[in-house]
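For what it's worth, numbering that gives the first Met the number 0 labels the leading residue of the sequence shown as 0, then goes sequentially.
The hints are simulated quantities; they were obtained by calculation from the structure and are not laboratory data.
This structure is a prediction, so every number in the text was calculated from the model and none was measured.
Quick reminder that beta carbons are idealized off the backbone N, C-alpha and C, glycines included.
Please note: incorrect hints may appear among the correct ones.
Straight-line C-alpha distance at most 30 angstroms; calculated DSBU-like pairs for lysine-lysine [what the hints assert, rightly or not]:
no. : residue 1 : residue 2
1   : K130      : K85
2   : K73       : K54
3   : K73       : K20
4   : K169      : K269
5   : K24       : K85
6   : K160      : K68
7   : K160      : K283
8   : K31       : K68
9   : K213      : K250
10  : K34       : K169
11  : K169      : K54
12  : K40       : K73
13  : K73       : K160
14  : K259      : K85
15  : K214      : K169
16  : K283      : K196
17  : K147      : K34
18  : K196      : K54
19  : K24       : K140
20  : K34       : K20
21  : K239      : K196
22  : K250      : K169
23  : K140      : K160
24  : K171      : K31
25  : K56       : K239
26  : K130      : K171
27  : K130      : K211
28  : K269      : K259
29  : K85       : K160
30  : K288      : K259
31  : K259      : K140
If you anchor each label on the Cβ, the simulated ranges turn out as follows [stated by the list, open to error]:
no. : residue 1 : residue 2 : range
32  : G46       : N128      : 16 to 26 angstroms
33  : T240      : S277      : 18 to 28 angstroms
34  : D120      : K34       : 41 to 51 angstroms
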Amino acid sequence: MSETQREGREGVVDYEDEFFKFAEKFDETSRKTSKFRAIEKLADDDGDYKAALSKLKIFYTERRNVLEKTSVNKIEGLEIDEESLKHDIANFAIVQGDQERLLGNGAVAEVFYLRGIYKSDCCVKIVYNEKMYAEGNSLEKEHGFLQKLQDVEVDGVRTPKPFYSFSNLKMKGLVMEELDAFNFRRIIDGFTTAGIKDELPSDFDLDGYFSKLKKYFNHLHSLGIYHGDIALRNLMVNRKTGLPVVIDFGKARLASELDKTNLNLPDYAKSDLAALDSAKAEAKEWFAKTVRKGGGEPSNIDK
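Let the hints inform the model, and build the full structure from the sequences given.
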């Protein structure tokens with residue numbers, strides 16, 4: 000009798016055969032996880048199918064528990080089966096740590112593109128520092144801001160359209176539209192986005208870019224919405240058009256929620272615009288040193 004078999008009440012059990020039968024329960028994406036591959040290696044390299052089968056069953060239970068304890072907050076009208084959503088969410092762990100998928104990152108979260116994982120036009124913001132993130136908005140509240148603004152466009156400036164936010168024992172995240180854009184901070188720091196070199200359009204107009212942003216934020220303020228975290232990492236540039244895209248409403252505030260009786264209440268609109276001016280000054284300094292036309296003169300900036 001081989002080491003992969005044992006004698007039981009109902010005859011010989013072939014652990015190798017049972018292992019491969021049970022592995023069929025896992026979808027293709029699950030098989031790409033490091034956990035599944037490690038178990039597969041245990042079976043293939045060591046031939047210990049009994050131990051591998053035991054670990055595989057535990058892994059299957061863990062994934063099922065994550066699915067069962069996942070809460071999903073969808074936008075109205077999103078027609079996606081709830082179980083399919085939870086299944087996709089369980090597979091998002093695959094993108095974490097994959098720098099080729101990284102679109103941007105901050106102090107509390109990272110954003111990854113999902114091509115080949117969920118939809119071709121989606122990305123996922125995954126929170127990795129929940130304690131710090133909790134000092135701002137909840138993911139559900141940030142999702143709500145994006146939903147309020149999904150049809151708002153001012154002089155070509157807009158935000159990504161949201162799809163859903165989710166939370167489970169493993170992670171919290173927000174799935175939204177992926178845009179053909181990169182954030183200004185990454186281009187200044189010399190990064191590539193999702194494997195694509197970040198380059199401004201040849202006719203990029205820096206002053207026009209920030210002028211459009213000022214109109215956009217003034218409009219948001221008229222709606223009673225304050226961004227609260229304006230910085231180059233949250234200001235994106237469309238690769239083809241050069242138009243701005245505003246992201247990250249993790250610290251946004253509604254005027255209706257502010258305590259107007261508090262005499263020490265900050266002027267949120269003034270703070271937003273001051274932060275925008277600061278971002279522009281930094282971008283302008285970098286632009287003058289880096290983006291030049293023939294003859295070495297800076298292009299599209301104030302003299």
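Hints, one by one, checked against the model:
no. : hint                              : result
1   : K130 <-> K85                      : holds, 24 angstroms
2   : K73 <-> K54                       : violated, 34 angstroms
3   : K73 <-> K20                       : violated, 35 angstroms
4   : K169 <-> K269                     : violated, 38 angstroms
5   : K24 <-> K85                       : holds, 16 angstroms
6   : K160 <-> K68                      : holds, 26 angstroms
7   : K160 <-> K283                     : holds, 29 angstroms
8   : K31 <-> K68                       : holds, 22 angstroms
9   : K213 <-> K250                     : holds, 18 angstroms
10  : K34 <-> K169                      : holds, 14 angstroms
11  : K169 <-> K54                      : holds, 19 angstroms
12  : K40 <-> K73                       : violated, 38 angstroms
13  : K73 <-> K160                      : holds, 12 angstroms
14  : K259 <-> K85                      : violated, 41 angstroms
15  : K214 <-> K169                     : violated, 40 angstroms
16  : K283 <-> K196                     : holds, 20 angstroms
17  : K147 <-> K34                      : violated, 39 angstroms
18  : K196 <-> K54                      : violated, 41 angstroms
19  : K24 <-> K140                      : violated, 36 angstroms
20  : K34 <-> K20                       : holds, 18 angstroms
21  : K239 <-> K196                     : holds, 13 angstroms
22  : K250 <-> K169                     : holds, 23 angstroms
23  : K140 <-> K160                     : holds, 14 angstroms
24  : K171 <-> K31                      : holds, 21 angstroms
25  : K56 <-> K239                      : violated, 48 angstroms
26  : K130 <-> K171                     : holds, 12 angstroms
27  : K130 <-> K211                     : violated, 34 angstroms
28  : K269 <-> K259                     : holds, 16 angstroms
29  : K85 <-> K160                      : holds, 20 angstroms
30  : K288 <-> K259                     : violated, 44 angstroms
31  : K259 <-> K140                     : holds, 21 angstroms
32  : G46 <-> N128: 16 to 26 angstroms  : violated, 42 angstroms
33  : T240 <-> S277: 18 to 28 angstroms : holds, 25 angstroms
34  : D120 <-> K34: 41 to 51 angstroms  : violated, 29 angstroms
Going through the hint list in order, the structure does not satisfy hints 2, 3, 4, 12, 14, 15, 17, 18, 19, 25, 27, 30, 32 and 34.
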